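Please build the complete structure, drawing on both the sequences and the hints.
For what it's worth, full-length UniProt numbering labels the leading residue of the sequence shown as 1, then goes sequentially.
No lab work stands behind these hints, which were simulated from the structure alone. All figures in this text were calculated on a predicted structure; none of them were measured in a lab. Hints are not guaranteed to be accurate.
Simulated restraints, written as ranges between beta carbons of each label pair [to be verified]:
no.	residue 1	residue 2	range
1	205	65	17 to 25 Å
2	19	132	37 to 45 Å
3	283	99	33 to 41 Å
4	124	14	42 to 50 Å
5	269	181	47 to 55 Å
6	100	327	30 to 38 Å
7	191	99	18 to 26 Å
8	6	328	38 to 46 Å
Note that the Cβ used here is the ideal one computed from N, Cα and C, for glycine as well.
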Amino acid sequence: MASLSESMKAWLYNGTTGGLEKNLTFHPDARVPAAPQKDQVLIQVISTSINPADYKVPEQSTVAGKVLIATTPASPGMDFCGRVIATGPGPAAKEYTAGQLVFGCLAMPRQFGTLGEYILGYASNLAPLPKGLDPDDAATIGVAGRTAYQSIQPYVSAGDKVFINGGSGGCGVFVIQFAKMLGCHVTVTCSTRNVQLCKELGADEVLDYTDQDVVDALKAQGQAFDHVIDHIGSPGSLYRESHTFLKPGKAYVQVGSSSILDVADRLVRPSFLGGGKRKFVALRLKNRREDLVQIGNWIQDGKIRVIIDSVYDFNDTVKAFEKLRSGRSSGKLIIHVTERP
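Below is the structure:
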């Protein structure tokens, strides 16, 4: 810690009124985290990829103008690839050494998020960067890569037919590939401009939601699907009508939605009051190190492609969040925090 500066560059927010990105301010001399304790690792962030949860969770946890999820002023961001600066005294932390490149996820918004130069990660939530794996690619795995994998791997078998609502977003581009790796037939939705991308990633059938009614198209196939993953939350009737295209006993997994209230409604509304008739799962990411390692190795081996929509300089962080909120990115958005190796 002796060589660490007493300050760092960071994007900080104190509130979320009007949207988190409207509250972000750049600070060239922000406070650095404390020395790592127990199994913590102090990391200098190289690249971070941003996810909808990076603004949704702070905004949804704001009550009477106060952010409850993290001590403010705070930096947003959970995913990272970076270099180890120092380790705590715990045995798990001592598996890492100063200067080593690592990647992982903070699991939840914290005061020292990945849009600050330095973070404190837990040894169990990060992994060594595989040789040859680009830091930008590694920075996409923590939330999007693992969410995609966990939304499908426990639920399907080879030969199953899977429907993915939202195939071109940060999670969608991963889950198409995981589904094909697991031997599934894949149907996805996307807009016209992303049809070719989804097909290149392996989608067998693409429903362009800009020129057809998705629910009607699915109904026409009958109870053909073994699994549904919803990254969008719309159309609003999709879960309610899922019994018409999803086989009995199969799961409808909600990954993303424009409103937490919509998810809550789907969870609690019984079918006799207009709710859905299939098992509803609101996915909660499990911060498993083994998934980080596995997906990192697949990317390194060329079995999984990372799709990056845009790469932003640290100074353009607000623009990155504006693009993220627009919902119009094809793949992941990367922000470079410090110099790449």
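Hints breached by this structure = 1, 4, 5, 7
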